[in-house]
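Participant: Sequences listed follow chains A and B, in order. Everything in the first sequence is counted per UniProt numbering, starting at 1 for the first residue and increasing by one. Everything in the second sequence is counted per UniProt numbering, starting at 1 for the first residue and increasing by one.
There could be a bad hint or two in this list.
As the list makes no split between identical chains, a pair holds if one copy fits it or if it spans any two.
Said to hold, decoys possible - In the DMTMM-like style, the derived pairs of lysine to aspartate or glutamate whose C-alpha atoms are separated by at most 20 Å in a straight line are: (1) Lys222 / Asp181; (2) Lys139 / Glu248; (3) Lys204 / Glu302; (4) Lys218 / Glu280; (5) Lys437 / Asp370.
In short, the hints are calculated from the structure, not lab data. Since the model is a prediction, treat every value here as computed from it, not as a measurement.
Number of protein chains: 2
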Amino acid sequence: MSSTGDDDRDSDEIVIHHDPDIYAEDGSLRSDFLMHVGAAIADRDTIYLRQHVAGLHASELGDLLEAIQPEQRVALVLLLGKDFDLAALTEVDEGIRLDIVEHLPNEQIAEAIGEMDSDDAVYILEDLDQEDQEEILAKLPFTERVRLRRSLDYPESTAGRRMQTEFVAVPPFWTVGQTIDYMREDDDLPESFTQIFVIDPTFKLLGAVDLDRVLRAKRSVKIDAIMRDTSHSVPAEMDQEEAAQLFEQYDLLSAAVVDENGRLVGVLTIDDVVDVIQEEAEEDFLRLSGVGDEELSDSVAEAARSRIPWLFVNSITAFVSASVIGLFDATIQQIVALAILMPIVAGMGGNAGSQTMTVTVRALATRGLDIHNAPRIIRREAGVGLLNGVIFGAFIGLVAGLWFQDPDLGGIIATAMLINMMAAALAGILIPLLLEKSGADPAVSSAVFVTTVTDITGFFSFLGIAAWWFRIA
Amino acid sequence: MSSTGDDDRDSDEIVIHHDPDIYAEDGSLRSDFLMHVGAAIADRDTIYLRQHVAGLHASELGDLLEAIQPEQRVALVLLLGKDFDLAALTEVDEGIRLDIVEHLPNEQIAEAIGEMDSDDAVYILEDLDQEDQEEILAKLPFTERVRLRRSLDYPESTAGRRMQTEFVAVPPFWTVGQTIDYMREDDDLPESFTQIFVIDPTFKLLGAVDLDRVLRAKRSVKIDAIMRDTSHSVPAEMDQEEAAQLFEQYDLLSAAVVDENGRLVGVLTIDDVVDVIQEEAEEDFLRLSGVGDEELSDSVAEAARSRIPWLFVNSITAFVSASVIGLFDATIQQIVALAILMPIVAGMGGNAGSQTMTVTVRALATRGLDIHNAPRIIRREAGVGLLNGVIFGAFIGLVAGLWFQDPDLGGIIATAMLINMMAAALAGILIPLLLEKSGADPAVSSAVFVTTVTDITGFFSFLGIAAWWFRIA
Chain A
1 MSSTGDDDRD
11 SDEIVIHHDP
21 DIYAEDGSLR
31 SDFLMHVGAA
41 IADRDTIYLR
51 QHVAGLHASE
61 LGDLLEAIQP
71 EQRVALVLLL
81 GKDFDLAALT
91 EVDEGIRLDI
101 VEHLPNEQIA
111 EAIGEMDSDD
121 AVYILEDLDQ
131 EDQEEILAKL
141 PFTERVRLRR
151 SLDYPESTAG
161 RRMQTEFVAV
171 PPFWTVGQTI
181 DYMREDDDLP
191 ESFTQIFVID
201 PTFKLLGAVD
211 LDRVLRAKRS
221 VKIDAIMRDT
231 SHSVPAEMDQ
241 EEAAQLFEQY
251 DLLSAAVVDE
261 NGRLVGVLTI
271 DDVVDVIQEE
281 AEEDFLRLSG
291 VGDEELSDSV
301 AEAARSRIPW
311 LFVNSITAFV
321 SASVIGLFDA
331 TIQQIVALAI
341 LMPIVAGMGG
351 NAGSQTMTVT
361 VRALATRGLD
371 IHNAPRIIRR
381 EAGVGLLNGV
391 IFGAFIGLVA
401 GLWFQDPDLG
411 GIIATAMLIN
421 MMAAALAGIL
431 IPLLLEKSGA
441 DPAVSSAVFV
451 TTVTDITGFF
461 SFLGIAAWWF
471 RIA
Chain B
1 MSSTGDDDRD
11 SDEIVIHHDP
21 DIYAEDGSLR
31 SDFLMHVGAA
41 IADRDTIYLR
51 QHVAGLHASE
61 LGDLLEAIQP
71 EQRVALVLLL
81 GKDFDLAALT
91 EVDEGIRLDI
101 VEHLPNEQIA
111 EAIGEMDSDD
121 AVYILEDLDQ
131 EDQEEILAKL
141 PFTERVRLRR
151 SLDYPESTAG
161 RRMQTEFVAV
171 PPFWTVGQTI
181 DYMREDDDLP
191 ESFTQIFVID
201 PTFKLLGAVD
211 LDRVLRAKRS
221 VKIDAIMRDT
231 SHSVPAEMDQ
241 EEAAQLFEQY
251 DLLSAAVVDE
261 NGRLVGVLTI
271 DDVVDVIQEE
281 AEEDFLRLSG
291 VGDEELSDSV
301 AEAARSRIPW
311 LFVNSITAFV
321 SASVIGLFDA
331 TIQQIVALAI
341 LMPIVAGMGG
351 NAGSQTMTVT
361 VRALATRGLD
371 IHNAPRIIRR
381 EAGVGLLNGV
391 IFGAFIGLVA
401 GLWFQDPDLG
411 GIIATAMLIN
421 MMAAALAGIL
431 IPLLLEKSGA
441 DPAVSSAVFV
451 TTVTDITGFF
461 SFLGIAAWWF
471 RIA
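Whole structure, please, built from the sequences with the hints as guidance.
Facilitator: Given below as structure tokens:
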């Protein structure tokens with residue numbers, strides 16, 4: 001737990017200054033540790049901070065930054081100075097990252113970035129404004145500047161933006177012995193790697209060799225005899241989500257990233273891909289409930305901004321549904337029981353519709369649902385809707401009939417439930433499918449459409465049948 | 001694309017018989033490929049199937065099994081016979097897996113399992129009933145039987161169940177040269193590996209060396225000089241979700257799995273962890289909408305079974321909310337506009353509450369929300385609720401007042417909206433937090449409680465204020 005040199009700091013693999021004592025049972029940071037850190041920040045006790053904070057793993061330091069008070073964050077970073085591992089910023093919310101980076105001198109950022117893996121460096125640089133970015137890049141050695149700029153030139157959320165530009169590449173005619181000797185002598189190798197790429201003199205990618213293959217082969221074996229094809233190399237322009245799917249499908253640990261001419265420009269590693277998978281799952285999860293790009297560190301105004309658009313759209317559709325009820329005001333005035341029961345029909349339809357919709361949106365996101373099995377799933381959902389309609393129509397019809405001592409009312413609500421459960425099932429599957437087919441993100445807008453369908457169908461069928469049955473209009 | 005030997009088949013790493021032509025643009029299997037396969041199955045054309053299907057990667061074969069008709073699946077597997085790569089069964093829904101395994105003779109399963117990585121083998125064995133499991137295990141060589149039984153003895157969803165029992169381990173006093181020579185000569189190494197473990201004679205774990213470290217070190221260097229500590233080894237009894245969080249936090253590629261005495265029993269690899277992360281995210285996603293453990297291949301009855309419990313609970317709470325409306329039947333009879341507008345108040349509250357709840361449940365699942373920042377987030381959500389209440393209270397009050405030409409009504413609905421938006425915000429964050437604290441899964445039951453709160457608050461505040469204001473009771 002003592003202070004740590006630069007060499008240790010930017011490596012996840014060699015020595016981890018892991019202090020198991022900083023986490024409590026439930027996975028959150030221990031309160032007494034946070035208290036000590038808070039006190040040390042208040043007292044400007046850099047000795048304590050160097051001893052107990054500087055040596056933390058980047059992700060532990062990230063957890064710490066997220067747990068302390070916002071006003072303590074910048075203070076902690078400034079107190080640690082060069083002992084603050086900037087890689088921790090890749091582990092925190094964007095809001096916190098930007099707040100801290102803003103308070104650091106560009107010199108310190110440039111120095112830290114020079115020591116980082118290129119993918120971490122890009123992660124921090126990409127959020128900065130153009131001016132700061134240029135100022136920091138200008139302070140870096142030529143090779144690193146060129147490498148980082150190449151990554152930054154690729155569009156956001158592409159493999160090129162997420163790749164690491166440090167890799168090991170050898171020509172195909174080298175022997176295993178030559179390759180091992182090269183690795184023993186070269187000091188400029190990446191921090192850690194799991195495969196060696198094989199390239200021609202123009203950097204065109206020819207193949208790859210996993211390290212275990214190198215270790216199993218005799219020294220005299222030529223590299224091209226043990227290399228495998230790289231059918232799973234990733235074009236730099238490929239969307240990160242698509243690249244993540246390749247990793248998942250073929251259980252890759254890392255993949256070569258190539259430019260439009262098939263030249264090796266970097267390597268995408270599984271740890272970045274895990275982050276992408278997490279982000280994408282989170283995005284769908286939040287969007288389905290009408291929450292935009294939101295982070296836990298967001299302020300009231302930022303959080304409200306991410307949620308108000310959907311609430312606004314819903315308030316419009318709520319008025320549309322209300323106007324359907326308005327068509328039957330005379331009916332309601334005579335039979336108030338209808339007003340009491342109608343939210344049940346609409347609400348149950350909404351719940352059933354959202355179940356089907358959630359299953360559909362998730363299946364679309366994981367590519368489990370496509371044109372080949374869509375007809376089968378649509379038939380299944382219609383079957384589930386029918387079954388739900390019969391079961392809950394009967395149950396709710398019975399309870400409502402007993403409650404109001406009116407078998408007619410029970411029969412009417414049962415029929416309306418059956419209709420609305422069928423509508424819910426079809427809306428729940430067809431709306432996301434149609435949105436996907438039209439190129440829209442089904443996670444974003446399915447919910448509005450589905451609840452509008454189930455509200456309108458629920459109110460219209462229940463009140464409409466009642467008006468017709470009791471002959472009130 | 002020609003036929004493939006056993007040695008190639010169970011490896012993801014060496015030669016991938018990848019046929020890029022089988023996928024269409026949108027990532028689904030190409031229709032003409034499916035048509036050809038379907039025709040070949042119908043014609044029992046084993047030559048076509050061996051040529052075009054047997055060589056597919058396990059995950060491609062899995063996609064194919066999911067895309068063809070249920071009755072074609074078993075036929076395809078039986079036609080391919082020993083050329084069918086059983087590892088494909090780890091890539092399909094449990095329902096499809098069980099259906100296929102049931103139709104295969106235990107001899108064929110045993111033979112295939114003998115060739116698989118142990119983690120894949122356990123994945124298939126664990127779903128079988130005790131009798132079949134024993135029969136298959138009995139047909140395996142002693143060592144493999146012991147290894148698989150050891151994995152199967154660990155509870156479901158633990159690291160011990162998901163681990164691979166094949167690994168490379170060496171004593172600490174070996175040199176790098178000895179280690180490389182050992183790997184060059186031993187034919188019984190795992191298919192692929194990224195680190196070497198260091199153990200004492202009793203198999204107690206002492207450390208680990210990543211392969212790139214081995215390659216960089218001189219032959220004379222002792223292993224214990226380059227090994228790192230294994231503070232991130234995983235106890236075999238650890239829940240897979242907890243293990244996945246370790247992988248994420250420390251960007252691990254693989255981790256040693258140890259028994260209660262610290263002895264090395266297996267290795268957990270990142271590809272299994274990616275599956276766990278996916279599963280857990282999916283589970284929360286589905287549960288929040290009241291869908292249980294459900295698969296796309298489920299029948300109508302199975303899907304209905306996973307969804308009816310939640311719909312049933314909701315139908316009960318819907319009656320409770322309806323009875324709140326029932327308290328105000330006299331008020332509604334005199335002012336029908338109340339019946340028309342009341343679903344807007346309840347519905348908007350439900351939407352806002354579900355936004356907050358979704359953010360909270362997700363933050364709890366990813367451990368972003370804990371006791372240290374909970375007070376801050378609760379204050380934020382209360383702020384968002386107040387802001388939403390003011391904005392949508394004003395907007396909906398204005399529209400409703402104009403619609404019914406009644407400023408009083410506008411004022412009443414605005415006030416009710418403000419109250420319900422605040423209730424929604426507090427319910428949306430406090431209910432998941434309390435459920436988590438009491439040890440329940442917040443994803444499962446938060447939604448029922450939150451909508452019940454917003455429905456009751458919405459109806460009671462709107463109708464109650466109206467009854468008091470217009471003095472009707």
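Participant: State for each hint whether it applies.
Facilitator: So, going through the hints one by one against the coordinates:
1. When the C-alpha separation of Lys222 and Asp181 is checked against a cutoff of 20 Å, the pair qualifies both within a copy, at 14 Å, and between copies, at 17 Å.
2. Taking the shortest alpha-carbon separations for Lys139 and Glu248, neither the intra-copy value of 38 Å nor the inter-copy value of 32 Å comes in at or below 20 Å.
3. In this assembly of identical chains, Lys204 and Glu302 lie within 20 Å of each other by CA distance neither inside one copy nor across copies; the values are 46 Å within and 52 Å between.
4. For a Cα distance limit of 20 Å, the shortest separation of Lys218 from Glu280 qualifies neither inside one copy, at 43 Å, nor across copies, at 43 Å.
5. With identical chains, the CA atoms of Lys437 and Asp370 are at most 20 Å apart within one copy only, with a shortest distance of 10 Å there and 40 Å across copies.
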